[in-house]
Amino acid sequence: MMNTLLAIIFFTFILGGSVGLQIFLSTRQNKWLGLIIPIICFMLSLLIVANIAVFTTFTTTSKTEIVNGEVINQGVVQSQTSKKSLGEILAMVIPVFIMSNLSTLIFYAIYLGCREKRKKNLALEKMRIQDLE
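Using my numbering, the first residue of the sequence shown is number 1, and each one after it goes up by one.
These aren't lab readings, by the way, just hints derived from the structure by calculation. Since this is a predicted model, take the numbers as computed values, not measurements. Don't be surprised by glycine CBs; every beta carbon is placed ideally from N, CA and C. There could be a bad hint or two in this list.
Across the chosen pairs, the derived CB separations fall in these ranges [to be verified]:
#	residue 1	residue 2	range
1	Ile9	Lys117	52 to 60 Å
2	Val96	Leu5	29 to 37 Å
3	Gly87	Leu21	39 to 47 Å
4	Phe11	Leu122	33 to 41 Å
5	Lys126	Ile40	29 to 37 Å
6	Glu133	Ile36	34 to 42 Å
7	Leu90	Gly113	27 to 35 Å
As a list, the in silico DSS-like pairs of lysine-lysine whose alpha-carbon atoms are at most 30 Å apart [as the list claims (entries may be wrong)]:
#	residue 1	residue 2
8	Lys31	Lys126
9	Lys119	Lys31
10	Lys117	Lys31
11	Lys31	Lys120
Go ahead and model the full structure; you've got the sequences and the hints to work with.
Structure follows, in C-alpha coordinates:
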(Lines of atoms letter the chains of each structure in order from A; the text may use other names.)
(Lines give C-alpha, C1' and ligand atoms only; values in the text may rest on other atoms or scores of the structure.)
Protein backbone atom coordinates (compact mmCIF):
# COMPACT_ATOMS: atom_id res chain seq x y z
CA MET A 1 0.00 0.00 0.00
CA MET A 2 2.78 2.42 0.95
CA ASN A 3 4.78 1.54 -2.19
CA THR A 4 1.76 2.28 -4.36
CA LEU A 5 1.26 5.64 -2.69
CA LEU A 6 4.92 6.54 -3.15
CA ALA A 7 4.78 5.51 -6.81
CA ILE A 8 1.69 7.68 -7.38
CA ILE A 9 3.35 10.65 -5.68
CA PHE A 10 6.57 10.11 -7.65
CA PHE A 11 4.81 9.95 -11.02
CA THR A 12 2.66 12.96 -10.12
CA PHE A 13 5.83 14.98 -9.49
CA ILE A 14 7.36 13.72 -12.74
CA LEU A 15 4.23 14.65 -14.69
CA GLY A 16 3.95 18.04 -13.01
CA GLY A 17 7.62 18.74 -13.55
CA SER A 18 7.46 17.85 -17.23
CA VAL A 19 4.38 20.05 -17.75
CA GLY A 20 6.09 22.88 -15.86
CA LEU A 21 9.23 22.44 -17.95
CA GLN A 22 7.16 22.48 -21.14
CA ILE A 23 5.46 25.73 -20.09
CA PHE A 24 8.81 27.26 -19.17
CA LEU A 25 10.40 26.27 -22.49
CA SER A 26 7.37 27.36 -24.51
CA THR A 27 7.36 30.86 -23.05
CA ARG A 28 10.99 31.53 -23.98
CA GLN A 29 11.83 33.81 -26.89
CA ASN A 30 13.35 30.97 -28.94
CA LYS A 31 10.42 29.07 -30.46
CA TRP A 32 12.42 25.85 -30.90
CA LEU A 33 12.91 25.36 -27.16
CA GLY A 34 9.20 24.66 -26.70
CA LEU A 35 9.30 21.93 -29.33
CA ILE A 36 11.98 19.84 -27.59
CA ILE A 37 9.63 17.77 -25.40
CA PRO A 38 6.99 17.15 -28.13
CA ILE A 39 9.71 16.03 -30.55
CA ILE A 40 11.17 13.65 -27.95
CA CYS A 41 7.70 12.21 -27.29
CA PHE A 42 7.10 11.77 -31.02
CA MET A 43 10.43 9.97 -31.48
CA LEU A 44 9.61 7.64 -28.59
CA SER A 45 6.24 6.86 -30.18
CA LEU A 46 7.99 5.97 -33.45
CA LEU A 47 10.31 3.70 -31.48
CA ILE A 48 7.31 1.97 -29.91
CA VAL A 49 5.70 1.43 -33.32
CA ALA A 50 8.98 0.11 -34.74
CA ASN A 51 9.19 -2.38 -31.88
CA ILE A 52 5.81 -3.80 -32.87
CA ALA A 53 7.31 -4.89 -36.18
CA VAL A 54 10.32 -6.44 -34.46
CA PHE A 55 8.41 -8.40 -31.85
CA THR A 56 5.71 -9.72 -34.19
CA THR A 57 8.18 -11.12 -36.73
CA PHE A 58 9.93 -13.85 -34.77
CA THR A 59 8.99 -16.30 -32.05
CA THR A 60 11.78 -17.52 -29.79
CA THR A 61 11.43 -20.62 -27.64
CA SER A 62 14.04 -21.93 -25.23
CA LYS A 63 14.14 -25.71 -24.72
CA THR A 64 16.06 -27.31 -21.85
CA GLU A 65 16.08 -31.01 -20.97
CA ILE A 66 17.06 -31.88 -17.39
CA VAL A 67 17.59 -35.49 -16.26
CA ASN A 68 18.59 -36.26 -12.65
CA GLY A 69 19.49 -32.59 -12.03
CA GLU A 70 21.84 -32.39 -15.03
CA VAL A 71 21.22 -30.35 -18.15
CA ILE A 72 21.25 -32.82 -21.04
CA ASN A 73 20.18 -30.65 -23.94
CA GLN A 74 19.67 -26.89 -24.14
CA GLY A 75 18.74 -24.96 -27.24
CA VAL A 76 16.95 -21.96 -28.64
CA VAL A 77 14.41 -22.41 -31.39
CA GLN A 78 13.50 -19.43 -33.56
CA SER A 79 10.72 -19.53 -36.05
CA GLN A 80 9.20 -16.87 -38.24
CA THR A 81 5.50 -16.27 -37.72
CA SER A 82 3.07 -16.30 -40.59
CA LYS A 83 3.05 -13.27 -42.85
CA LYS A 84 0.41 -10.77 -41.78
CA SER A 85 -1.70 -8.80 -44.21
CA LEU A 86 -1.48 -5.02 -44.45
CA GLY A 87 -4.86 -4.69 -42.74
CA GLU A 88 -3.73 -6.75 -39.74
CA ILE A 89 -0.53 -4.74 -39.42
CA LEU A 90 -2.39 -1.44 -39.61
CA ALA A 91 -4.96 -2.69 -37.08
CA MET A 92 -2.08 -3.20 -34.64
CA VAL A 93 0.02 -0.16 -35.46
CA ILE A 94 -2.56 2.65 -35.72
CA PRO A 95 -4.06 2.35 -32.20
CA VAL A 96 -0.59 2.03 -30.67
CA PHE A 97 0.62 5.06 -32.64
CA ILE A 98 -2.38 7.12 -31.52
CA MET A 99 -2.06 6.10 -27.87
CA SER A 100 1.67 6.69 -27.77
CA ASN A 101 1.23 10.17 -29.28
CA LEU A 102 -1.25 11.43 -26.69
CA SER A 103 1.59 12.95 -24.68
CA THR A 104 2.96 14.52 -27.87
CA LEU A 105 -0.41 16.15 -28.55
CA ILE A 106 -0.73 17.41 -24.96
CA PHE A 107 2.75 18.94 -24.93
CA TYR A 108 2.19 20.46 -28.39
CA ALA A 109 -1.12 21.98 -27.23
CA ILE A 110 0.72 23.52 -24.26
CA TYR A 111 3.31 24.88 -26.70
CA LEU A 112 0.67 26.41 -28.98
CA GLY A 113 -1.19 27.96 -26.05
CA CYS A 114 1.93 29.53 -24.59
CA ARG A 115 3.12 30.83 -27.96
CA GLU A 116 -0.29 32.37 -28.68
CA LYS A 117 -0.28 34.09 -25.29
CA ARG A 118 3.25 35.34 -25.94
CA LYS A 119 2.27 36.75 -29.35
CA LYS A 120 -0.71 38.53 -27.83
CA ASN A 121 1.43 40.04 -25.07
CA LEU A 122 4.02 41.23 -27.61
CA ALA A 123 1.29 42.85 -29.72
CA LEU A 124 -0.09 44.62 -26.62
CA GLU A 125 3.40 45.83 -25.75
CA LYS A 126 3.87 47.23 -29.25
CA MET A 127 0.52 49.04 -28.99
CA ARG A 128 1.54 50.55 -25.63
CA ILE A 129 4.82 51.78 -27.11
CA GLN A 130 2.96 53.33 -30.07
CA ASP A 131 0.51 55.03 -27.69
CA LEU A 132 3.39 56.61 -25.78
CA GLU A 133 4.85 58.11 -28.96
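How the hints compare with the structure:
Roughly 30 Å separates the CB atoms of Ile9 and Lys117, a value that falls outside the hinted 52 to 60 Å. Range check, Val96 to Leu5: about 30 Å between beta-carbon atoms, so the 29 to 37 Å window is met. Between Gly87 and Leu21 the CB atoms are about 40 Å apart, so this pair conforms to the stated range of 39 to 47 Å. For the pair Phe11 and Leu122, the supplied restraint of 33 to 41 Å holds, since their beta-carbon distance comes to about 36 Å.
Distance hint for Lys126 and Ile40: a CB-CB separation of about 34 Å, consistent with the stated range 29 to 37 Å. Distance hint check for Glu133 and Ile36: the Cβ-Cβ separation is about 38 Å, which falls inside the suggested range of 34 to 42 Å. Range check, Leu90 to Gly113: about 32 Å between beta-carbon atoms, so the 27 to 35 Å window is met. About 19 Å separates the Cα atoms of Lys31 and Lys126, which keeps this hinted pair within 30 Å; it holds.
This hinted pair checks out: Lys119 and Lys31 have alpha carbons roughly 11 Å apart, not beyond 30 Å. As the CA atoms of Lys117 and Lys31 are separated by approximately 13 Å, the hinted pair is consistent with the 30 Å bound. The suggested pairing of Lys31 with Lys120 holds, with an alpha-carbon distance near 15 Å, which does not exceed 30 Å.
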